[in-house]
Amino acid sequence: MIKLENFHKSFGSTEVLKGVSIEVPTGSVTVILGPSGSGKTTLLRSINFLEPADKGTMILDDKVFDMAAASKKEILEVRRNTAMVFQNYNLFANMTALENVKEGLVLVQKMGRYEALIKAEYYLEKVGMINREHFYPVQLSGGQQQRVGIARALALNPKVILFDEPTSALDPELVGEVLEIMKKIAKEENSTMIVVTHEIGFARDVADQVIFMEGGVVVETGEPRDIIENPKEERTRKFLARFSNR
Amino acid sequence: MDNFLDPVFLLEIFEHLIKYVPITLGLAVGTMIMSCLLALMVTILRYKKVPILGKIGDIYVLLGRALPSMILIYLAFFGIPVLLMAVSGTNKSAMLLSGIPPIAFAALGLTLHTGAYLAEIFRGALQSVNVGQTEAELSIGMTWNQAFFRIILPQAAVFATPMMANQFLNLLKGTSIAFMISVIELFGAANVLASNNNAYLEVYIVTACLYWSTSICFEKLASVLEYNLSYFKRCTSK
Ligand SMILES: Nc1ncnc2c1ncn2[C@@H]1O[C@H](COP(=O)(O)OP(=O)(O)OP(=O)(O)O)[C@@H](O)[C@H]1O
Ligand SMILES: [Mg+2]
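In order, the protein sequences belong to chains A and B. Sequential numbering from 118 applies to the first sequence in this note's numbering. Sequential numbering from 993 applies to the second sequence in this note's numbering.
Keep in mind the hints are simulated off the structure, nothing from the lab. Since the structure is predicted, the reported quantities are computational estimates derived from the model, not experimental observations. We put the beta carbon where it would ideally sit given N, CA and C, even for glycine. Among the hints, erroneous ones may be present.
To be verified - Derived coverage of chain A by chain B (criterion: at least 3 residues anywhere in the stretch with Cβ under 8 Å from a Cβ of chain B; other residues may be distant):
#, segment
1, 200–208
2, 213–227
Unchecked claim - Partial pick of chain A residues on the chain B-facing surface, computed with a CB cut under 10 Å:
#, residue
3, Y253
4, P254
5, Q256
6, A270
Next up, chain A with everything else stripped away, as it sits in the complex (with noise of 0.2 Å):
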């Protein structure tokens, strides 16, 4: 179980989160949703500490982080039992898929080398790239490195994954490969995810619960059905309106 209290987050004077309390529950999918600015971003890097928010109390477990005050230590405990899934994927470079997937099971968790490329044969051929397991990134399309960023993160076997708008940067016809391999870990490997995205049909189809967030305040949660199809709160409904115009 992952739950974040009261976190609060300001650039400068503006402030960014503004009381922002969510839980999930073990193995369960939770989708944000909410319009451009409203934090969502924002929120999932202040989990990690990417972006350490000013304020707030993290359990994750049966561990309190209080996110101001961490210390280095926490701070890496924390981030060994988070992974991030990435807007731009962030495959590192230099390294091929199967490198990016084994990097943190052999540096972070120092797993024997043999036992390391198992594990990382194994979630490749989970997202189906094992045939792709020796190209660099460069040599991927967007969706291919998605989807080896997923493994990367699903390797690491981590309390919470983080998902921050996987498919927004892939062409339309990439979508729907990533999304499927998204269902698929959320049906088979009991992941604990949070997501952030625009997909209205994967929160409906994949979430346990859906988030609505917007200036920097959950405005709305509950189970799917109840908020895609009659929200309660006049903002969510304004927000999904633009979706089903589409």
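Once you've looked at the hints, dock chain B with the ligands against the given chain A.
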């Protein structure tokens, strides 16, 4: 000299001067290695914006590029003994220093000069690698140093290699001013030989050829190096 550009005479000059190529090369390569280490240190201090030390790095890079390398060599050659004497208050250290060959001071001066240029090259090269990759490393619990040396540096190196090669060729020629503090390297030997034989044109033609051919070798070496470092940019699989 009755026979202008007499081949036999040219060959004699060549045979004499080629003995000094290793000195020039040694000075250049040694300086380059020290410059790289210095520049890497300065670059990391500036990149991480380490308080005070990072600022000192900035000032060094400005000064190192603003001062003529000849002045840096003179400052090292004349300044360090004076400085040591002032600090220790005795002549002992000056005596110690007199055992150090001038070529070491030349290397020091040239290192200060080249290091500043390399630091700028490295800074640009680091900017060519997107920060997202560092974030990806940090996000899985790697330390900043692991991210830097495993991911960022190898990619920046590809970007930096051609400019480093350029800087090295500059340095190779730049070693000639070591002559000013009585280091007899290729150019110094050429000067002596030319005035002793009153054969300026022949000597400098041979000297030019020696610098030129050495440069070509290094240029080739650099392109091989660049090719090998950029394995991950080529569009064929391993
Ligand atoms: N490093 C930063 N420095 C200053 N302002 C920032 C920084 N990062 C984000 N912001 C600001 O914080 C606000 C929220 O940004 P954030 O990226 O979290 O939004 P988002 O919900 O992810 O939007 P999008 O859907 O466009 O990705 C924006 O107004 C943005 O300009
Ligand atoms: Mg965003």
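Do the hints match the structure? See the list:
| no. | hint | in the structure |
| --- | --- | --- |
| 1 | 200–208 | holds (count 6) |
| 2 | 213–227 | holds (count 5) |
| 3 | Y253 | holds, 4 Å |
| 4 | P254 | holds, 8 Å |
| 5 | Q256 | holds, 6 Å |
| 6 | A270 | holds, 8 Å |
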